[in-house]
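*Asks:* Here's the letter readout for the chains.
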Amino acid sequence: MANPGQAPGSAEYLGEPKDSNIHIDLIAYTADSVKALDDVTALEASRASAEPGISWVDVDGIHDADMVKRIGQRFQIHPLSVEDVLNPEGRPKAEYYPNYIYVVLRMVTRDPNDDELDSEQVSLFLGKDFVLTFQEHDGDVFGPVRKRLRDPNTRLRQQGTDFLAYSILDAVVDSYFGVLEDLESQVDALDVLEATELPVDTPVRLHKIKRQLRRLRQALRPLREAVAALARSPDEWIKPATLPYLRDLSDNLAEEVETIDLLRETCQSLLDLYNAGQTQRTNDEMRVLTVIATIFIPLTFITGLYGMNFDNMPELHNQYGYPIALGLMVLTSAGLLGYFRYKRWL
Amino acid sequence: MANPGQAPGSAEYLGEPKDSNIHIDLIAYTADSVKALDDVTALEASRASAEPGISWVDVDGIHDADMVKRIGQRFQIHPLSVEDVLNPEGRPKAEYYPNYIYVVLRMVTRDPNDDELDSEQVSLFLGKDFVLTFQEHDGDVFGPVRKRLRDPNTRLRQQGTDFLAYSILDAVVDSYFGVLEDLESQVDALDVLEATELPVDTPVRLHKIKRQLRRLRQALRPLREAVAALARSPDEWIKPATLPYLRDLSDNLAEEVETIDLLRETCQSLLDLYNAGQTQRTNDEMRVLTVIATIFIPLTFITGLYGMNFDNMPELHNQYGYPIALGLMVLTSAGLLGYFRYKRWL
Amino acid sequence: MANPGQAPGSAEYLGEPKDSNIHIDLIAYTADSVKALDDVTALEASRASAEPGISWVDVDGIHDADMVKRIGQRFQIHPLSVEDVLNPEGRPKAEYYPNYIYVVLRMVTRDPNDDELDSEQVSLFLGKDFVLTFQEHDGDVFGPVRKRLRDPNTRLRQQGTDFLAYSILDAVVDSYFGVLEDLESQVDALDVLEATELPVDTPVRLHKIKRQLRRLRQALRPLREAVAALARSPDEWIKPATLPYLRDLSDNLAEEVETIDLLRETCQSLLDLYNAGQTQRTNDEMRVLTVIATIFIPLTFITGLYGMNFDNMPELHNQYGYPIALGLMVLTSAGLLGYFRYKRWL
Amino acid sequence: MANPGQAPGSAEYLGEPKDSNIHIDLIAYTADSVKALDDVTALEASRASAEPGISWVDVDGIHDADMVKRIGQRFQIHPLSVEDVLNPEGRPKAEYYPNYIYVVLRMVTRDPNDDELDSEQVSLFLGKDFVLTFQEHDGDVFGPVRKRLRDPNTRLRQQGTDFLAYSILDAVVDSYFGVLEDLESQVDALDVLEATELPVDTPVRLHKIKRQLRRLRQALRPLREAVAALARSPDEWIKPATLPYLRDLSDNLAEEVETIDLLRETCQSLLDLYNAGQTQRTNDEMRVLTVIATIFIPLTFITGLYGMNFDNMPELHNQYGYPIALGLMVLTSAGLLGYFRYKRWL
Amino acid sequence: MANPGQAPGSAEYLGEPKDSNIHIDLIAYTADSVKALDDVTALEASRASAEPGISWVDVDGIHDADMVKRIGQRFQIHPLSVEDVLNPEGRPKAEYYPNYIYVVLRMVTRDPNDDELDSEQVSLFLGKDFVLTFQEHDGDVFGPVRKRLRDPNTRLRQQGTDFLAYSILDAVVDSYFGVLEDLESQVDALDVLEATELPVDTPVRLHKIKRQLRRLRQALRPLREAVAALARSPDEWIKPATLPYLRDLSDNLAEEVETIDLLRETCQSLLDLYNAGQTQRTNDEMRVLTVIATIFIPLTFITGLYGMNFDNMPELHNQYGYPIALGLMVLTSAGLLGYFRYKRWL
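Chains as they are written, first to last, in the working numbering: chain R, 609 to 954; chain L, 609 to 954; chain X, 609 to 954; chain B, 609 to 954; chain V, 609 to 954.
Note that these hints are calculated values from the structure, not bench results.
Copies of one chain are not kept apart here, so a pair can be met inside one copy or by any two copies together.
Taking lysine-lysine and the BS3-like style, the derived pairs with C-alpha atoms no more than 27 Å apart in a straight line are: (1) K847 <-> K755; (2) K701 <-> K847; (3) K816 <-> K951; (4) K736 <-> K755; (5) K643 <-> K755.
The task is simple: from the sequences and hints, build the whole structure.
*Replies:* Printed below as a string of structure tokens:
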């Protein structure tokens, strides 16, 4: 996030510092040919965009602000957009600039170690003959897009930059499904249990799931609005033929947001159920204590009564005193048991 | 759901694999004649649409992606729509394409064995002279529609494809009523009970009902929007005379969504009531323990006191010691009982 | 509700069957004359509408579908509207048809026996020279409207069918006020009590009140939208002079919906208060048990200690053993009481 | 509220009957002169409006329906507006009529005796050369407006009826601030306390505050909409120069509604805090009982064991029996204390 | 807040009185030159605005109403705006006046001593050649803006008053990030703990955090609307080139509001988790008491039984009476332990 009062558009990297170099990949293609270059320099990247055909420049790493700024200048990116690229905590959005459309979105993956979501900002610039993407780290979900680019028979190769941008967005949106399915299966694992079978760590698990759902929702809802805005009408950079694809993407996002809301409600319902189960269990335990204590308390009093050492206690010297006392105890407990049964506590 | 990065429009079946064959039914009719063919091939199905009159091609099973794609091509369905047909987890929607309207909806039935909802996606294509429907499994709620098609005097036979599509949608929407009535009667069975009569599995039952209501709502709300959109204005494929019918359908859906919301609120209110009843019951039990324990604890102390074995305890040797001790106990318990009554705990 | 797949517009009665005959009343009036006919036939009813002046045909009973259909045909009612008339569970709405406006609403009364709401569907058709109403049962809240129709000096007699329709709607909306006031007084009866004075059946009472509020809200909210739509602009059937009256009606409905929401919030707040009162009461009781038990438990231990029968217990044979033991007990209980007071539990 | 079926516009007083007379004040002014008449008759009031300049007719009391109707007729008020004036439970609103704007609002004061809100309906009619206000009782918050009217240098004297109406609305809206500040200070008095310091009547206090906030909100929210509607565009009766003042008023109302919402959330948060404090307190008490009981129960068992009277109990006759028993007790309690400390219950 | 009935536009200071003088700073600049004057008089301030170039007049302190009014008159500020400046509790907003745009916003800082938010109203007037700001106290977050003004190469010096106003707004909005991050880290400190590790003051901490979040939200939400309104379209005072900057600001505010909502939900989820942890802990403790009490209660009864002093108790004189009694106790406790284990309470 920005330092208070800092010059806007001053384009400083706002995430955690990193050591590694920024890595730039370039794929330049026409319907007939494709050329993929790994680890190019910023200069080469910008030149590529001067060639006929379409260039996809993918920058992995945004921690070198100077490099990002230089790339931005070569593609004539507005300083405010550059500043947004450098802030890894930005909000998903789509913005129209005179010479490009700028889309901010988040790529979400699950960290298998600690059961948490990792998310990474992706900045996508869609221009006349280039698509420029920035990611925070190496490693992404664009492999299948790259693979299809190499195949001359795919629709992707026949279409313009708008279809490439759509394909990239689609890959990111698809990646949410996996994360959501994983969370869904976690919720379902709890949902099939009976109330009293819910494990003791149910509240913690639900708390963690709800946290991830909140984060996903915060990434998806503004993205849905952004994609719906892109899908609304054709545009200098988006051809009519691409609109159904974008609408489909927007539908997918709507469905994902609804699934998140459904899961959130299910979590809340499960928490209610767990609490009801806990209360019932505690009540069952307390009922046993109550019944045992309530039955034995008067009995123990009777034993105490005839355990007193007064000289003058005629009952003690009566031959039938003991059996009578025992009988009294049996009657007392029978009476209490009957009362409990009448009250349906047993 | 899609594999991340997969080519959009690549039309792969995304549900659980099945062995059985896809089954295609065809009903071709004009106002004067009707011809019903069972289990036709895709080729026959597409040819039917070339005849004069209206064809309803109903495909049961979407697990054979190639077959679905072939049918799609014959009816000139956009690849994105074919992809949607093949994804049985899609969101209800209505989409306008140049040569058809595409409606996705869900058909809901109750599984009588396990008290759960089964739902199945239905894809409906409304074209100039054909209606094409895809279902996941054999068995549907369209029997009465088929029966009416055979009767030359029904409005259905006199009208165009739009009325057939409406009749199919109407049959699906009507099927929700039965499911809802069943859930309503489950809720009502609890709602007529007193707070303390609510069975111990009330939270579980409500949890299950709420789950089904959530699922129904997720199917109905977007469908309502879709039908309301269809009902808004006439169109190349929807004649003005059909609009009141679609508005009526949209009203029915609105009513169903409101009934769901009402049932959800009733469930929440019942859960509150159950919890209040449980708390009251526990409190009543604890009150008995409290009263009995509180009365006997001092009495037992007194018996313990005079059960001590000190040599020098004058009370023990007093002739009236025992009756005085008994009197002390009576007074103590009377005092405590009076206090409890004053505090209204008895 | 409809049977799945049934032909739309097939107009079957969907409520509970009844034996009694359908009863038709007719009031035909001009500014100068009025003619009221009780229990006319459908034929007479429809002829009345051919006379100069305005006819109000009021049909009590919708369980005879044929009769309703015949009446519908004579007034040229669309089959879908007839179907809606025959479904007593319809949603309040206003619909424009070429030759009439159709309003569905609910008339609510309180059943004095079982503290529940009875509600009955009213269908109102507003045409050029007729108002046609359908009710489920005999007995309604229209008496004052009929009375005013007989008085030639009322605005009602001077105005057209729109004002008659408004007067009927107004009578229904006014009837809600009585029901709401009754519920309000039930809530207020609880609201004036202190937290601990709330009766033990508070949750049940609130549950019942909330159920009735939910039902009322479900009837009122769509009706408000419908009336607001009627009040928006003049129309072939609604004259500008009637619009302020409809706006006023819409205001009344808005106020009623707000009162319902206020009462619902009050119910929720009362339930919170009751729960707090119950918790406090339980805590007070447990505190007494805790204090008494905690004080006597060590004392009873001491008595047990000196009630043991070991041969070699020097304290027992000490002359001051008993008073020392008593002193120890006094000190122990004083110490515990001091601790409790320090902790503010007493 | 209206009697069901009563003629609309029949203008009956719907509040509680009162004995006192209706009291009419009149202030007639131009930029140069001012004339204030106390307790005029309806006739005088209406004549005043015929003079050049502006008349403010303020009617205290609406329980004499005939008088109100007569005044209404003299100022050519629509019968529906008169009916609204006579219903003291109306909803705040602004309505445009051909010859006046009618504003309904509520004046709120705190009853210092019983800590409740008193509210009173104010009806304001803004015409070409008159402002007509109706209040339920004597006594209002308009003193400062009257005072400023007497001062020829105030903007109020220079402007038209719209500014007078604005000044009256502003005085009412300002009066809410005092009530809100009072409620705010009540909430703040609780908000500065620690969770366990919250007094035992916190739920009741919050319940009362929430009730007043609900009532205020019900009066303010529709008023805000009404004032925002007035501020939207100039009009025959509202000059452009007055619009900023009305917008400012609308802003103040928006702020008040937001403050109410903030206070409601604070109340809810305080209730959660109180409940948490109560639970913690109960748990602390129960923990002491648990620890003491759990430690002494086995000890008391041991004393009971050696208090048994069997002939053949060798331990009793052992010389070290008593010290060994005491040692056993010390060990038992030490073990239990250690366990509790390990479990962090101490 | 205003005194009821006070003249609108009468411009009285409505905050707490203060002694110190009002302090006025002036920075006048063109692209080529800059002149900064500290502690100027109102007269000098207004003259500055007559010079060529742009003047930023920053007034620290609004408690001297006369001074504020005088400054207002010199810059031709509408009396209503002056009144708003003098009310330190105003609602954030943007208003268009013929000769300036008026923005009210709040500057938020954290008081390091008492963990509370301090907030201060800032009033900003954007005119043709001046920006006029009012703050309540000395000390602000504008240092970096002033610093950049001194540097001739910054965009700020090249642009007009709209960019200066934007820079000031941006500095305020940036200052929220710090506050939010601090609150976020407080929430996160709780969020990483296990349910049973949450400290006992968790409810209080969450209550405090929620209070601050509510206050922030109340400051940010209307500001967001205001900035979004400014960013919507160019204007006499706002050039098209500045719009992307304002949109960016509006995005930042949207993100902050979303972060607040996320934190609020996290707080609620944490409170649920804490409550679940407390309940579990209490239940665990009660279970130990239950088990120990339930096992020893019957044992103690047996000891009491054989501690009775009846003459005729054959068991006492049996040689194996004592071991048999001990065996009975062992069996009883083993039976109860087995029952508990079967019930899974151990």
